[in-house]
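Let chain A serve as the given structure and place chain B on it in line with the hints.
Chains as they are written, first to last, in my numbering: chain A, 83 to 377; chain B, 83 to 377.
No lab work stands behind these hints: they were computed from the structure. One or more hints might be untrue.
A pair counts as met if it fits within one copy or between any two copies, since identical chains are not told apart.
[What the hints assert, rightly or not] Quick list of in silico lysine-lysine cross-link-like pairs, DSS-like style, CA-CA up to 30 Å: (1) Lys127 / Lys91; (2) Lys150 / Lys225; (3) Lys91 / Lys249; (4) Lys150 / Lys127; (5) Lys327 / Lys225; (6) Lys91 / Lys326; (7) Lys127 / Lys225.
2 protein chains.
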Amino acid sequence: MDIVPYLEKKKQAIDSMLEQIVPGEAEFPPRLHQAMRYALLARGKRLRPILALAAAEAVGGDPAAILKEACALELIHTYSLIHDDLPAMDNDAVRRGMPTTHTVFGEALAILAGDALLTEAFVILSGCLNSCSNPQPTIEIIKLIAEAAGSRGLIGGQVVDLESEGKDIDEHLLEYIHSHKTGCLITASILLGATLAGGSPEQLSRLRDYGSAVGLAFQITDDILDVTESTQTLGKTAGSDQKKKKATYPALYGIEEARRRQHALYATALAALQPFDEKADALRQIARYIIERTA
Amino acid sequence: MDIVPYLEKKKQAIDSMLEQIVPGEAEFPPRLHQAMRYALLARGKRLRPILALAAAEAVGGDPAAILKEACALELIHTYSLIHDDLPAMDNDAVRRGMPTTHTVFGEALAILAGDALLTEAFVILSGCLNSCSNPQPTIEIIKLIAEAAGSRGLIGGQVVDLESEGKDIDEHLLEYIHSHKTGCLITASILLGATLAGGSPEQLSRLRDYGSAVGLAFQITDDILDVTESTQTLGKTAGSDQKKKKATYPALYGIEEARRRQHALYATALAALQPFDEKADALRQIARYIIERTA
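For reference, chain A alone in the conformation it holds in the complex (with noise of 0.2 Å):
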């Protein structure tokens, strides 16, 4: 399969769910709306409600039947973006291509809209309620999320991250801060489309691990652009890691033991797909385009 016009095709349908999920510009308090809409719908990869589409097809379910929760996603992860952003934290100027939302809003509206991204993405998993039969999965998604994206996940990371600027850290924190940051969302975007869909416990087992494979992937290759690519490619600022003295895998190892960490984790990824027919040939090419991506 070509891997290229399915990203784009799901891409297409996430984003016009996006549009539609999120209130709109004139609601009241429109420059909160508008903040949160400019955040949210600038271009994005959409990678991870993509991951939960696709591995909702792994495991044979229909991934338009959860289209809506896979866009939550994408509200927490622009909530993230935004947050690590502001001018306390990575104070960054520009984000997905554009000025980043508090150089446009102010600081006090960035806050906030981060705060109401995040806060609507639990209305939108919570939402089902009248539209499904069974609530259990639901809760069990809603669990996995919260956990993905709190103090044991993706904040954590980003707290260790910001503690270790210009500091001398070891492979171990590495890891830490880049599974954390990056790796806990991924994976659980992976679980979120498997338990929706209907995976098993093996299935869902097997795409944990290629979740923290592909997530811990995605973080190297983000590393790695930073130092290869310009900030026109990337739509954000280039260079910025090495800047701030960021932890990162080219300045731990350099940029070809990396590289070679990278392929180990594909190889790692595509193993636990082993016992998944062709209906998760989505998630191997997603694999390596995670590696081979140029922004």
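Just chain B, lined up with the frame of chain A:
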């Protein structure tokens, strides 16, 4: 009934549960968990969880059975205080009688600790997973709380509050601010307790009216106390509304008229409880406490 020992007893049960349900200070990353606990475990009235417990009692339920979910409300309330106090927002130095979270832990950690408390609330709300026999009410309360805390609720109120500083606003907008910034989560707290305890639709409808009345009354009291009490009594900076030219009831109507409105809301709250028996006496007394409190 005497409400003072009732409130004290509930507060002790809540404080003890709060202590248990958030990660310990030693858990990695420690500074994040210290900041979360610093803000959460400071002295607080615990009004939202208490209202949830009292509402469970009012519909004949066992408050001990919903204590954990009630405590999730305090995490959301605390997150909103941490973010409200940030330099980019109200820029307050004192809260709950102590230096605000960002003055002790820095801005970045305060933002992230707030994010983490909000997220952890949904871990707790979805946590009945293995113990609850009927998951339907759990999804209902997650939706209820997320909506009340979101851009059409608490965050909407906070945005309009910030936007209105120093401006002349009318009664309509002032009521929007108060009913959203404070009222939505207070009403949701009451509905959380009543829903989990199996309240009937008729009971929930009346408790919603009770919640709207006491939520607004609570905020009017806050406005009055900001004028009449000291920083030491309040545990937060007194006179700050006037200093920031905030829209308040005393500023718009004068203190006497604000007091008259409080009493009208108290009457509305009692009327809403009319069909309930003595099991709703705590809610009745809390309505009175809300307008008579001095801190």
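Hint by hint, here is what the structure shows:
Taking identical chains as interchangeable, the C-alpha atoms of Lys127 and Lys91 lie at most 30 Å apart only when both belong to the same chain, with a minimum of 12 Å there against 52 Å between chains. Both within a single protomer and between protomers do Lys150 and Lys225 lie at most 30 Å apart by alpha-carbon distance, with minima of 17 Å and 15 Å respectively. Taking the shortest alpha-carbon separations for Lys91 and Lys249, neither the intra-copy value of 42 Å nor the inter-copy value of 48 Å comes in at or below 30 Å. Proximity of Lys150 and Lys127 under a CA criterion of 30 Å is satisfied intra-copy only: 17 Å inside one chain copy versus 38 Å between copies.
Proximity of Lys327 to Lys225 under the C-alpha cut-off of 30 Å is found in neither arrangement, the shortest distances being 34 Å within a copy and 41 Å between copies. In this assembly of identical chains, the alpha carbons of Lys91 and Lys326 never lie at most 30 Å apart, being 37 Å within a copy and 50 Å across copies at closest. Proximity of Lys127 to Lys225 under the C-alpha cut-off of 30 Å is found in both arrangements, the shortest distances being 25 Å within a copy and 28 Å between copies.
Taken one by one, the earlier hints fail for this structure at numbers 3, 5 and 6, listed in ascending order.
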